[in-house]
Amino acid sequence: NAGVMQNPRHLVRRRGQEARLRCSPMKGHSHVYWYRQLPEEGLKFMVYLQKENIIDESGMPKERFSAEFPKEGPSILRIQQVVRGDSAAYFCASSPMKLAGDFTDTQYFGPGTRLTVL
Amino acid sequence: DAKTTQPNSMESNEEEPVHLPCNHSTISGTDYIHWYRQLPSQGPEYVIHGLTSNVNNRMASLAIAEDRKSSTLILHRATLRDAAVYYCILRDPFNTGKLIFGQGTTLQVKP
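Residue numbers (the working numbering), protein chains in the order written: chain B, 1 to 118; chain E, 1 to 111.
Do not rely on the hints blindly, as some may be mistaken.
Stated by the list, open to error - Straight-line distance between alpha carbons at most 30 Å, and here's what the computed BS3-like set of lysine-lysine pairs gives: (1) B:Lys-44 - B:Lys-27; (2) B:Lys-51 - B:Lys-27; (3) E:Lys-69 - B:Lys-51; (4) B:Lys-71 - B:Lys-44; (5) B:Lys-27 - B:Lys-71; (6) B:Lys-62 - E:Lys-3; (7) E:Lys-69 - B:Lys-44; (8) E:Lys-3 - E:Lys-69.
Since the hints were made in silico from the structure, they are not lab data.
These figures come from a predicted structure and were not determined experimentally.
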């Protein structure tokens, strides 16, 4: 069973361009979380998605950032008009179908996408 | 969300046990205690979790204080590959499951 896959592993963008980060969850997992790790800082939650639904986006910046998890295909984190402060490692994690109201299960993380904005 | 407090860094010698402490004095009755670790240049990795009783798995043991205000992650024989940042996280099972990472403890393992 392949683990969580993220691509690209490294992404370089110039200020003002768009960045698209992809996350393929583990087989059978229908829950995806995105986290960001700024240089020399800890990991910060961004957004939690189930198939075709955003469940919790309390950690997402209000502008320029969006996320989706379509019925088919990977989850996408999209950053429009990137700025230097967006340079960071972006990790996604997946977890299997949960029992209603149970959020104690393990999250499996991908290797991350390291975004550099020039 | 309830907060955790961990030492910034710890050192260990290879092949010796390591005890990583975590204080969580404001833990609620439904919070689970989770530990993740992050090796250099990698994504976090689940280590262990528990609610009230001590837990063991192939990676580590988790000792939880009787009042649940603190816990200790125990690596029985540290190896160089265990050098990582270890995060103690409280998970509210009714709060969408997002992980709230603190600064963690950076563990150095000396040969």
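These are the hints, each one checked on the structure:
Taken as a hint, the Lys-44 (chain B) and Lys-27 (chain B) pair is honoured in the structure, with Cα atoms around 25 Å apart against an allowance of 30 Å. This hinted pair checks out: Lys-51 (chain B) and Lys-27 (chain B) have alpha carbons roughly 13 Å apart, not beyond 30 Å. For the hint pairing Lys-69 (chain E) with Lys-51 (chain B), the CA-to-CA distance comes to about 37 Å; that exceeds 30 Å, so the pair is violated. Among the hinted pairs, Lys-71 (chain B) with Lys-44 (chain B) is consistent with the structure: their alpha-carbon atoms are about 26 Å apart, no more than 30 Å.
With a C-alpha separation of about 14 Å, the suggested pair Lys-27 (chain B) and Lys-71 (chain B) falls inside the 30 Å cut-off, and the hint holds. Proximity of Lys-62 (chain B) to Lys-3 (chain E) is assessed by CA-CA distance (about 25 Å); at most 30 Å being required, the pair is judged to hold. Restraint check for Lys-69 (chain E) and Lys-44 (chain B): satisfied, since their Cα atoms lie roughly 24 Å apart, inside the 30 Å limit. A threshold of 30 Å between alpha carbons decides the hint, and for Lys-3 (chain E) with Lys-69 (chain E) the separation of about 11 Å falls inside it, so the pair holds.
The structure is inconsistent with hint 3 alone, although it conforms to all the rest.
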